[in-house]
Amino acid sequence: NAGVTQTPKFRVLKTGQSMTLLCAQDMNHEYMYWYRQDPGMGLRLIHYSVGEGTTAKGEVPDGYNVSRLKKQNFLLGLESAAPSQTSVYFCAAARGSAKNIQYFGAGTRLSVL
Amino acid sequence: KNEVEQSPQNLTAQEGEFITINCSYSVGISALHWLQQHPGGGIVSLFMLSSGKKKHGRLIATINIQEKHSSLHITASHPRDSAVYICAAPYSGGGADGLTFGKGTHLIIQP
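Residue numbers (the numbering used here), protein chains in the order written: chain A, 1 to 113; chain B, 1 to 111.
Keep in mind the hints are simulated off the structure, nothing from the lab. Glycine residues also receive a C-beta, built at the ideal position from the N, C-alpha and C atoms. Among the hints, a few may not be true.
Which bits of chain B does chain A cover? Going by a derived footprint, with three or more residues having C-beta under 8 Å, they are [as the list claims (entries may be wrong)]:
id, segment
1, 39-51
2, 79-85
Now the stretches of chain A that chain B is said to cover, found in silico as 3 or more residues with beta-carbon under 8 Å [unchecked claim]:
id, segment
3, 34-45
4, 94-106
Hey, can you work out the whole structure from these sequences and the hints?
Here it is in structure tokens:
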């Protein structure tokens, strides 16, 4: 049982390039989240989804877009990467809202030069 | 937005010591989460609690809803407990929009 799988694990981009981070879950959970983790700061919510076809903004959504076309996948897109988006990105899935355990992917380490 | 504060930020202890990590939050919540981030970066959920106390092995989590405070205790600590421990609460109290996280407590247990 893979749980939550993130691809890629590492990526280096040049400023202005675009990329998509993929999060896939095999637990049939409704809720999915994208967080970023930066040194000296707690994880911060970028975007989230409460079900297939729905997305919503979190705390730090600027510069990112998301899509949830299939229940098992939650994509995070960077249209024009900036050095400020250098971070470790975590995806999480949960059966429901905050009274449910969140299951995290292993993270994607992104560097934007 | 819920504000989550953890203390201490860093903690070094000797093997066998009793460890306490504290967490306070600003907005009444439905549940509070404790997570562990391994040195390799992976994050796992340890506890989710809405009242009282929960225990799993040598880990104990308590919460006081009235005081908006939670603690994570580790009994008979071991070097393998070395990790970052993170407290998290619902972002806006209701919880549909994810969690807000403390900055974490970096714990090192020395043999």
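Results for each hint:
1. 39-51: holds (count 7)
2. 79-85: Contact hint for the segment 79-85 of chain B vs chain A: violated, 0 residues under 8 Å.
3. 34-45: Satisfied; 7 residues make the cut.
4. 94-106: holds (count 9)
Consistency with the previously given hints fails for number 2 only.
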